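Take these sequences, add in the hints, and give me the full structure.
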Amino acid sequence: MITQVRITNFKAIRSAAVDLTPIHLLIGPNDSGKTSVLEALAAICRSVDHSAPESFVGRWQGRELVNAAAEMQLVEIAITAVSQQGTFDYRLEAEFSGSGRDTRWSAAEINVDGENKSILSDNPQHTLPWYSRLSTQHAKRAEHRPEMSWATLLETAISGCWYLRWTARNLALPTALNPDRRFRLEGNGFGLPTLIDDLLNYDRDSFSALESEFIEIFPNVKSIALVQQQGFNSPVDQADDTLSLQPSPGKQVVFRLKNSNRDLPASQAAEGMLYILGYLALMYLPTPPRVLLIEEPENGIHPHRVGDIVRILRGLVARHPGTQIVLTSHSPYLVDAFQPNEVTWCHREPSGDVVLTRLDTLPEVERSLSIFSLGEIWTGELEPSSSVEATE
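Quick note: my numbering has the sequence shown finishing at residue 392, numbered continuously throughout.
The hints are simulated quantities; they were obtained by calculation from the structure and are not laboratory data.
Owing to the predicted nature of the structure, the values given are computational and were not obtained by experimental measurement.
Ideal Cβ positions, reconstructed from N, Cα and C, are used throughout, including at glycine.
Treat the hints loosely; a few may be bogus.
[Claimed, not checked] Distance ranges between label pairs, derived from CB positions:
1) Asp-360 to Gln-85: 24 to 30 Å
2) Pro-363 to Ser-106: 38 to 44 Å
3) Ser-97 to Glu-216: 51 to 57 Å
4) Pro-286 to Thr-152: 18 to 24 Å
See the structure below:
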């Protein structure tokens, strides 16, 4: 689990650090650094099994990811994490060339028990792929054992990061079968039907439990089914999150309703049904990602349902203790489902610098908790105008 992230010169953040919990919420107004924290976490986690340019998600080019006030075109991201092997620090320094999606690692270091080691490979566009993709035969050779120990440490702690910015439209799309997408849902939401199909075919008991939880939230649904339909294929794990669709035979999610002879296809279902089905699918994955980064899970959800989302995510962490979740939100209703130590307030100083403050460190939060909910304290005391932004 990542216990702290430190960010320098990345996007909105000039220099900031935050301590994280197993499930952690970032709140604050627009342009306060919430997404910058998520994308920095994505970059350092993806560096374990992606090239340098592929580590940075989203659409960017040149020096767009470097803080505008930075004197040098370098971004630094560092974490402290805890694994079964103990606590370690991992630091990356990225240099952006100024053209296209081109960047290189200028530093990559890991520190365990006070011993610092550079793990920068001969190709500066890569760090750990050179180590982690060694064949089993090479891994057994004596000269590779030290490198493999570093790689294994990082892989078991932070590899397998998903950055989720779902849209209901993408969740509803019929999806073609693709072995490379087995047990995977794209960051933009594409691939839900085949993920549901994978879960159904892999473990029917788990699928039945998923279906039962869904019906408990939406009691007008009798069952969840999949039907063959003209669908789409799309590249797997694209860093810039572009949805490029190619027609192909596929499957579609349908909801079978009580007291009705007609199925409700996903394309006609309420957005909240698709989002909740997606989060339940994550909870029942046989091996979920070690780090889940989620942008505004309240989107498309009725305010009184956001508690269901948090309950599902907490169930995921309880079911898979090796998974950590960091999410952003503009919803005071969602904030109410968290404890002060699980929430970081992102805001800007008059100087323009982003500041990251955990709510359990603020005296006004402790003073007001006996009277107001955490969401009310945020919108009423910390950001009186944030209630307006929450409706944008």
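Checklist entry - Given a hinted range of 38 to 44 Å, is it respected by the beta-carbon distance of Pro-363 and Ser-106? => result Holds - the Cβ-Cβ distance for Pro-363 and Ser-106, about 41 Å, lies within 38 to 44 Å.
Checklist entry - Is it true that the C-beta distance of Asp-360 to Gln-85 lies inside 24 to 30 Å, as the hint says? => result holds (29 Å)
Item to check | Thr-152 and Pro-286 - C-beta distance against the hinted 18 to 24 Å | outcome: holds (21 Å)
Item to check | Cβ separation of Ser-97 and Glu-216, checked against the hinted range 51 to 57 Å | outcome: Hint holds: Cβ distance 52 Å, inside 51 to 57 Å.
Against the hints set out earlier in the document, no violation occurs for any number.
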